[in-house]
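Q: Order-wise, the sequence lines are chains A and V. Oh and the first sequence: position 395 is 471 in the numbering used here, straight run, nothing missing. Oh and the second sequence: position 91 is 1560 in the numbering used here, straight run, nothing missing.
Derived from the structure by calculation, the hints contain no laboratory data. Accuracy of the hints is not assured; some may be wrong.
[Stated by the list, open to error] Listing some non-contacts, in silico: residues in chain A with all C-beta distances to chain V over 10 Å:
no. : residue
1   : Leu83
2   : Glu119
3   : Gln124
4   : Ala129
5   : Glu154
6   : Ser192
7   : Trp230
8   : Ile240
9   : Asn243
10  : Lys300
11  : Gly339
12  : Thr350
13  : Ala362
14  : Gln393
15  : Ala417
[Unchecked claim] DSS-like cross-link-like pairs, simulated, lysine-lysine; straight-line CA separation at most 27 Å:
no. : chain 1 : residue 1 : chain 2 : residue 2
16  : A       : Lys278    : A       : Lys223
17  : A       : Lys98     : V       : Lys1601
18  : V       : Lys1595   : V       : Lys1611
19  : V       : Lys1527   : V       : Lys1619
20  : A       : Lys98     : V       : Lys1595
21  : V       : Lys1601   : V       : Lys1572
22  : A       : Lys300    : A       : Lys327
23  : V       : Lys1572   : A       : Lys98
24  : V       : Lys1611   : V       : Lys1601
[What the hints assert, rightly or not] Simulated DEER-style distance windows between Cβ atoms:
no. : chain 1 : residue 1 : chain 2 : residue 2 : range
25  : A       : Pro85     : V       : Thr1509   : 33 to 41 Å
26  : V       : Arg1491   : A       : Pro85     : 50 to 58 Å
27  : V       : Val1480   : A       : Gln459    : 28 to 36 Å
Virtual Cβ for every residue (Gly too), placed ideally from N, Cα, C.
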Amino acid sequence: MPLLPDLRPDFPLLARTVRNGKPLVYLDSGATAQKPHAVLNAEADFYQFHNGAVQRGAHLLAEEATDMYESARAQVAEFVGAEPDEIVWTENATHAINLVANGMANASVGIGGTESARFRVGPGDEIVVTQTEHHANLIPWQMLAAKTGATLRWIDVDDDGRMILDNLESVVTERCKVLAFTHASNVTGIVSRVDVLVARAKAVGALTVLDACQSVPHLPVDAKALDVDFLVMSAHKMLGPTGIGALYGRKELLDTLPPSQFGGSTVKVVTMDTTTWLDSPHRFEAGTQPIAQAIGMGAAVKYLSDLGMEAVEAHEQELATRLRQGVADLPGVRLLGPVTADAEAGDMLAIAAFVVDGVHTHDVGQVLDDRGIAVRVGHHCNQPLHRHFGIAGSTRASAHVYTQPEDIDALIAALADVRTFFGVAA
Amino acid sequence: MSALEQMYQQVIMDHAREAHGRGLVDLGLPHTGESHQVNTTCGDEVRLRVVLDDDTIKSISWEGSGCSISQASISMLTELIEGEDLEMADETIDAFKALMHAKGQGLDEQREDMLGDATAFVGVGKYPARIKCALLGWMALKDAIIQAQKGAPA
Chain A
77 MPLLPDLRPD FPLLARTVRN GKPLVYLDSG ATAQKPHAVL NAEADFYQFH
127 NGAVQRGAHL LAEEATDMYE SARAQVAEFV GAEPDEIVWT ENATHAINLV
177 ANGMANASVG IGGTESARFR VGPGDEIVVT QTEHHANLIP WQMLAAKTGA
227 TLRWIDVDDD GRMILDNLES VVTERCKVLA FTHASNVTGI VSRVDVLVAR
277 AKAVGALTVL DACQSVPHLP VDAKALDVDF LVMSAHKMLG PTGIGALYGR
327 KELLDTLPPS QFGGSTVKVV TMDTTTWLDS PHRFEAGTQP IAQAIGMGAA
377 VKYLSDLGME AVEAHEQELA TRLRQGVADL PGVRLLGPVT ADAEAGDMLA
427 IAAFVVDGVH THDVGQVLDD RGIAVRVGHH CNQPLHRHFG IAGSTRASAH
477 VYTQPEDIDA LIAALADVRT FFGVAA
Chain V
1470 MSALEQMYQQ VIMDHAREAH GRGLVDLGLP HTGESHQVNT TCGDEVRLRV
1520 VLDDDTIKSI SWEGSGCSIS QASISMLTEL IEGEDLEMAD ETIDAFKALM
1570 HAKGQGLDEQ REDMLGDATA FVGVGKYPAR IKCALLGWMA LKDAIIQAQK
1620 GAPA
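Whole structure, please, built from the sequences with the hints as guidance.
A: The structure is reproduced here in structure tokens:
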């Protein structure tokens, strides 16, 4: 499969050196991606020439700011196959998941009235997640269960970290009100069988919430084609700024989900003891929004769209194989998850989490850092999956559009020396 | 010596491989205190037990898992502090904390003498993310001494 051209000149940070002048090998894009000039310039341009409050004010700057802000929303919507009013700005993906879970908690105590009744959960109802979720797509659902008396259940994973779907009908039952799951694992890189999971949720009338943080930056994602009810993403993993993310929701759901953050710009009519809400997305966007960041996110999806997500996917598939096979072939190194995807499962992300026998993940990361190679160490906000693998943490390398094969090769070469450095190689 | 070699000095590697004091010891004495500390960034943990005999630290024992820096640091503090009096323990704990915040520069001769082999951790001070690893056991020691002084039974 063809690689993208070398995009590193577009990313100014990648030109810097680290640790005694060594060139940077950045393999921590799963944690946060570096930013292209196009994103940095979009934010600077907004502040330098157009800064004004959005959706209020009667002056030219306010008009320009509102136009840029809403255009960014339309760009993000188009990127995931949605309509602009189906995209809610959030602080990040974590906030987006909490927005849905807290909205459901509010519906469960009667907020929103009968219009919001479909979001109610209570004793006897079930909330279903999976054993491979990032903490951000687990804890909000634990808390929703705790607040409402509903039961939290989960889909287990096998020794390779794949969701076990054979017994899906016994885990996702008629009692299931919401099924929340990741589109792609931030540890194993396995892309989930969204088709199978959505079909089961629909069969029992459960809502679906897809954590697309790790997929949207790397694969073509179409929310309508996936047929999920909600989908969350985080700009900073998709070459955009921090402080901004987005929630996609089907319009009729967003218009009836009660808000959980309250304030200005969200309301129709306020009296001393009652409030009625605007339609989505504005009912969820209380207070002054991160305008420059939203515009930066718009620039990021434009950059990715200009590359073409099919081309991005092809590039990363090439890197995924090189990375995962390279790590798996090293003696004394255990790759978490399968080397390549099963035929029916499709892609794997260009992520490799691994354990070096006899060497703690922090020590592995330190030796790599000394060579200028940046990776993630620890549990990657996914303790249950690491516990399932029988370990406390792992070292994780993850790629992006600017990653080149030589970056992967530098990692593999350095890893080959780690066990020697710590005196555990045979 | 590269920064990496300065961090992973031979004496640290040796302690990491063969740690002292591993395995909790129960002496059945009244002034026994225990502390459980976790490094939230990586999940490393230590449970460290101290037994006091008047003002003397009669026994230090521990169990836990972690990186070579954390394990070597706990091993070395066990060697350094066991058998010392409380005043000396406090001064040594303070000296080690000062070493961690010295940005790799080292301390005055008196405090380096007090720390002995533990001065080998000087290189860790250049890496803010690793200071917590080196301090994990020392935080447990400080807390366990407080618990032991309360006279909590074993």
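Q: Please go over all the hints and tell whether each is borne out by the structure.
A: Hint check results:
no. : hint                             : result
1   : Leu83                            : 29 Å, holds
2   : Glu119                           : 28 Å, holds
3   : Gln124                           : 34 Å, holds
4   : Ala129                           : 39 Å, holds
5   : Glu154                           : 38 Å, holds
6   : Ser192                           : 37 Å, holds
7   : Trp230                           : 20 Å, holds
8   : Ile240                           : 25 Å, holds
9   : Asn243                           : 30 Å, holds
10  : Lys300                           : 39 Å, holds
11  : Gly339                           : 32 Å, holds
12  : Thr350                           : 43 Å, holds
13  : Ala362                           : 31 Å, holds
14  : Gln393                           : 31 Å, holds
15  : Ala417                           : 28 Å, holds
16  : Lys278/A x Lys223/A              : 25 Å, holds
17  : Lys98/A x Lys1601/V              : 26 Å, holds
18  : Lys1595/V x Lys1611/V            : 24 Å, holds
19  : Lys1527/V x Lys1619/V            : 16 Å, holds
20  : Lys98/A x Lys1595/V              : 17 Å, holds
21  : Lys1601/V x Lys1572/V            : 14 Å, holds
22  : Lys300/A x Lys327/A              : 11 Å, holds
23  : Lys1572/V x Lys98/A              : 21 Å, holds
24  : Lys1611/V x Lys1601/V            : 15 Å, holds
25  : Pro85/A x Thr1509/V: 33 to 41 Å  : 38 Å, holds
26  : Arg1491/V x Pro85/A: 50 to 58 Å  : 52 Å, holds
27  : Val1480/V x Gln459/A: 28 to 36 Å : 33 Å, holds
Against the hints set out earlier in the document, no violation occurs for any number.
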